[in-house]
Amino acid sequence: MENSEKTEVVLLACGSFNPITNMHLRLFELAKDYMNGTGKYRVIKGIISPVGDAYKKKGLIPAHHRVIMAELATKNSKWVEVDTWESLQNEWIETAKVLRHHQEKLEASNCGNQQDSPTLKRPGQKRKWTEQRQDFSQMTSRELKTKGMPEVKLLCGADLLESFGVPNLWKSEDIARIVGDYGLICITRAGNDAQKFIYESDVLWKHRSNIHLVNEWITNDISSTKIRRALRRGQSIRYLVPDLVQEYIEKHNLYSSESEDRNAGVILAPLQKNTAKAKP
Amino acid sequence: MKNQIPVVLLACGSFNPITNMHLRLFEVARDHLHQTGKYQVIEGIISPVNDKYKKKDLVVARHRVAMARLALQTSDWIRVDAWESEQPQWMETVKVLRHHHSELLLRSQSQTEGPGDKAFSPAPAAVPKLKLLCGADVLKTFQTPNLWKDAHIQEIVEKFGLVCADRAGHNPEQYILESPILQRYQHNIHLARDPMKNNISATYVRYALGQGQSVKYLLPDAVIAYIKDHKLYTKNSSWAGKSTQRNEEKTS
Numbered sequence: 001m002e003n004s005e006k007t008e009v010v011l012l013a014c015g016s017f018n019p020i021t022n023m024h025l026r027l028f029e030l031a032k033d034y035m036n037g038t039g040k041y042r043v044i045k046g047i048i049s050p051v052g053d054a055y056k057k058k059g060l061i062p063a064h065h066r067v068i069m070a071e072l073a074t075k076n077s078k079w080v081e082v083d084t085w086e087s088l089q090n091e092w093i094e095t096a097k098v099l100r101h102h103q104e105k106l107e108a109s110n111c112g113n114q115q116d117s118p119t120l121k122r123p124g125q126k127r128k129w130t131e132q133r134q135d136f137s138q139m140t141s142r143e144l145k146t147k148g149m150p151e152v153k154l155l156c157g158a159d160l161l162e163s164f165g166v167p168n169l170w171k172s173e174d175i176a177r178i179v180g181d182y183g184l185i186c187i188t189r190a191g192n193d194a195q196k197f198i199y200e201s202d203v204l205w206k207h208r209s210n211i212h213l214v215n216e217w218i219t220n221d222i223s224s225t226k227i228r229r230a231l232r233r234g235q236s237i238r239y240l241v242p243d244l245v246q247e248y249i250e251k252h253n254l255y256s257s258e259s260e261d262r263n264a265g266v267i268l269a270p271l272q273k274n275t276a277k278a279k280p
Numbered sequence: 001m002k003n004q005i006p007v008v009l010l011a012c013g014s015f016n017p018i019t020n021m022h023l024r025l026f027e028v029a030r031d032h033l034h035q036t037g038k039y040q041v042i043e044g045i046i047s048p049v050n051d052k053y054k055k056k057d058l059v060v061a062r063h064r065v066a067m068a069r070l071a072l073q074t075s076d077w078i079r080v081d082a083w084e085s086e087q088p089q090w091m092e093t094v095k096v097l098r099h100h101h102s103e104l105l106l107r108s109q110s111q112t113e114g115p116g117d118k119a120f121s122p123a124p125a126a127v128p129k130l131k132l133l134c135g136a137d138v139l140k141t142f143q144t145p146n147l148w149k150d151a152h153i154q155e156i157v158e159k160f161g162l163v164c165a166d167r168a169g170h171n172p173e174q175y176i177l178e179s180p181i182l183q184r185y186q187h188n189i190h191l192a193r194d195p196m197k198n199n200i201s202a203t204y205v206r207y208a209l210g211q212g213q214s215v216k217y218l219l220p221d222a223v224i225a226y227i228k229d230h231k232l233y234t235k236n237s238s239w240a241g242k243s244t245q246r247n248e249e250k251t252s
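Chains as they are written, first to last, in full-length UniProt numbering: chain A, 1 to 280; chain B, 1 to 252.
Hint data in this document are derived by calculation from the structure and do not stem from the laboratory. Because the structure is a prediction, the values reported are computed rather than measured. Hints may be right or wrong, so weigh each one.
[As the list claims (entries may be wrong)] Here are the computed distance ranges between Cβ atoms for each label pair:
{"no.": "1", "chain 1": "A", "residue 1": "T219", "chain 2": "B", "residue 2": "P180", "range": "53 to 59 Å"}
{"no.": "2", "chain 1": "A", "residue 1": "T225", "chain 2": "B", "residue 2": "G210", "range": "47 to 53 Å"}
{"no.": "3", "chain 1": "B", "residue 1": "P180", "chain 2": "A", "residue 2": "S209", "range": "55 to 61 Å"}
{"no.": "4", "chain 1": "A", "residue 1": "S256", "chain 2": "B", "residue 2": "P88", "range": "50 to 56 Å"}
{"no.": "5", "chain 1": "B", "residue 1": "S201", "chain 2": "A", "residue 2": "I68", "range": "32 to 38 Å"}
{"no.": "6", "chain 1": "A", "residue 1": "R232", "chain 2": "B", "residue 2": "L177", "range": "45 to 51 Å"}
{"no.": "7", "chain 1": "B", "residue 1": "R62", "chain 2": "A", "residue 2": "L244", "range": "44 to 50 Å"}
[Unchecked claim] Coverage of chain B stretches by chain A, computed from C-beta distances (three or more under 8 Å per stretch; other residues unrestricted):
{"no.": "8", "stretch": "26-40"}
{"no.": "9", "stretch": "128-137"}
{"no.": "10", "stretch": "216-227"}
[What the hints assert, rightly or not] Calculated cross-link-like contacts (lysine-lysine; reagent style DSS-like; alpha-carbon spacing at most 27 Å):
{"no.": "11", "chain 1": "A", "residue 1": "K40", "chain 2": "B", "residue 2": "K235"}
{"no.": "12", "chain 1": "B", "residue 1": "K197", "chain 2": "A", "residue 2": "K6"}
{"no.": "13", "chain 1": "A", "residue 1": "K57", "chain 2": "B", "residue 2": "K197"}
{"no.": "14", "chain 1": "A", "residue 1": "K226", "chain 2": "B", "residue 2": "K38"}
{"no.": "15", "chain 1": "A", "residue 1": "K75", "chain 2": "B", "residue 2": "K197"}
{"no.": "16", "chain 1": "B", "residue 1": "K56", "chain 2": "B", "residue 2": "K216"}
{"no.": "17", "chain 1": "A", "residue 1": "K45", "chain 2": "B", "residue 2": "K216"}
{"no.": "18", "chain 1": "B", "residue 1": "K216", "chain 2": "A", "residue 2": "K75"}
{"no.": "19", "chain 1": "B", "residue 1": "K228", "chain 2": "A", "residue 2": "K45"}
{"no.": "20", "chain 1": "A", "residue 1": "K78", "chain 2": "B", "residue 2": "K228"}
{"no.": "21", "chain 1": "B", "residue 1": "K56", "chain 2": "A", "residue 2": "K78"}
Backbone N, C-alpha and C define an ideal beta-carbon position, used for all residues, glycine too.
Only chain B is shown next, with the shape it has when bound in the complex:
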């Protein structure tokens, strides 16, 4: 439709492993933005965090990227992007947003300049808006001292924008009221209501896998098969993960 602003949604996180809840986040956000009538969501990007994030029980990025790729093989609009995970260092979310923003600029420039593209888009395509997609729990972490820089929070909500899906036990409206920065850029924060909330935490999934319990229907079958094939998240995998990480540091 004309006059609709194209939007790309970016989700950052561990995806350790990716679950149906992560995938739902995208669906709920897209429905919400479309129902405003103002936006057209053209792409979703999943960006698994770098191994240097050093979170407990984080399996190596290669596996997390592969699992996300398997989970998304049946989606026609969400893709995984390994750029963040391939960097030599962990980086702040705002830097990941900047990277993808410049990629979008490059892409739209080459599209408008490229020959033969006129057949596809007769009108000059607007540069899509890049928005950070997250659960309401992430809004709460903005309040955690020393976790986020205020300048970064401001850049995220001012320059980019936030699409936030509600989560059981979280009150995003309250989090916005409690933060002067979020309040100031409220117009750039979209709260998407999820009619069918679930809280499939990856932590629970790892625990259940360690106990040998079924996680079927909580994550795509292809991801479960990958976890089994590579013996991820078995009881001792946190140790295995750590040693693998150390080895990679030595070789790099």
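Excised from the complex, chain A in its bound form:
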């Protein structure tokens, strides 16, 4: 298939990145290979969006450190970048809204880019483009997608998929929007229950064609929680996070038993928000 016929995809990963690890970075590589391998998609960009401090997760260190670490970690990546929009919001933002923000941003910049495109400056093509542009403005965002607009999809591990089942953590309409309007690329371990989890959820099953399960053949036991624990115990985290991230953590002494106590006893923002709404 020609590149032009393929749907362009932007992968968005939301999370604490406290700190970012090689496992997070691997998710992007695996998802890109998988999506490109289907022959239907072409992954053009990856976005890491660290959660804001208002998320109130235990042990969450300030966003500016988490953003800098993610930037250091992606310094040598040609296609994955960090976006600070979510982390700069005063309130915690639902993931569905982060997806919407990035889809809209992409559509806005894509229209702009195509206008500036040098190929369009050739005589004879200019008018054609202007006509097209008028058509675009009358289309809804759904129609734009089918006209070659890149699609933002949420990239996650199996733990996020399974967190859809945690009461009050997600609004059901948000889950429907994430899998219905955008799509999910979920990296799972062989033999993981992700498939069963989708089958047992009506909304996930309905949108199952929009959920891509990617097998991870290499067991990867790295987690940010374990990284922080190793740091508190003075154990090496080398080769588990990029060297630049390790240096940054050491230089600023970011993780200690004190930092682990941040937000201790505070209810997680989504639980606060969704539980309050559920009350009569």
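Chain A is already provided as a structure; the job is to place chain B on it using the hints.
Using the frame of chain A, we list chain B on its own:
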């Protein structure tokens, strides 16, 4: 610290190519030995196996050594040693241990005898203990008939010692129980628990490279760049590797 036994860790293997898992092995082992309070790990040595080992898909040692060197350029305590790979023949691991042991003896003798070294180490330095570093999977291969000589296994655990990092799907305690030799020298076998196990097998890395898939973050960027530059582990490289090997035999 005083009274701590200095230790040098030696890892033998194909390193075809070296991955982050190999590098983690050293970090996990060092943490484990330091936490006993009894040892001070002063050096790590990676010794890529000789081409005559004749393992399938083994690229020439020159490349494997170069990749290990690139992977270790940012480590301040692990180094690659090409001695094993430069020998005319493949040799048993115990012989590699003997070689490095004698090197350590020579080094400590020249250190204590050398002039001007007193400024560096006022107390006479103890000869470091050399220990073989391996994954739990290697303990299991001790059971494979005809792969290891019993006398060699005994020498490794009796004279040197073993530091063994656990691997997903392996039970080192069980392997020790099943072997009378390992059981007898249990005190000389250190089992290092890895809180973040991974199984980045070099076999998988070669497969992924052959498929044109990304191996980024599984091995250092510098190694990936080297593999690309030298077109290693492409789909036909097993054939290319074999012919190169044959040529080397003819010229040597």
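Going down the list of hints, with the structure as the test:
| no. | hint | verdict |
| --- | --- | --- |
| 1 | A:T219 with B:P180: 53 to 59 Å | 32 Å, violated |
| 2 | A:T225 with B:G210: 47 to 53 Å | 35 Å, violated |
| 3 | B:P180 with A:S209: 55 to 61 Å | 58 Å, holds |
| 4 | A:S256 with B:P88: 50 to 56 Å | 54 Å, holds |
| 5 | B:S201 with A:I68: 32 to 38 Å | 33 Å, holds |
| 6 | A:R232 with B:L177: 45 to 51 Å | 34 Å, violated |
| 7 | B:R62 with A:L244: 44 to 50 Å | 30 Å, violated |
| 8 | 26-40 | holds (count 4) |
| 9 | 128-137 | violated (count 0) |
| 10 | 216-227 | holds (count 4) |
| 11 | A:K40 with B:K235 | 24 Å, holds |
| 12 | B:K197 with A:K6 | 37 Å, violated |
| 13 | A:K57 with B:K197 | 25 Å, holds |
| 14 | A:K226 with B:K38 | 26 Å, holds |
| 15 | A:K75 with B:K197 | 26 Å, holds |
| 16 | B:K56 with B:K216 | 24 Å, holds |
| 17 | A:K45 with B:K216 | 16 Å, holds |
| 18 | B:K216 with A:K75 | 13 Å, holds |
| 19 | B:K228 with A:K45 | 22 Å, holds |
| 20 | A:K78 with B:K228 | 16 Å, holds |
| 21 | B:K56 with A:K78 | 34 Å, violated |
Comparing the model with each earlier hint shows violations of hints 1, 2, 6, 7, 9, 12, 21; every other hint is respected.
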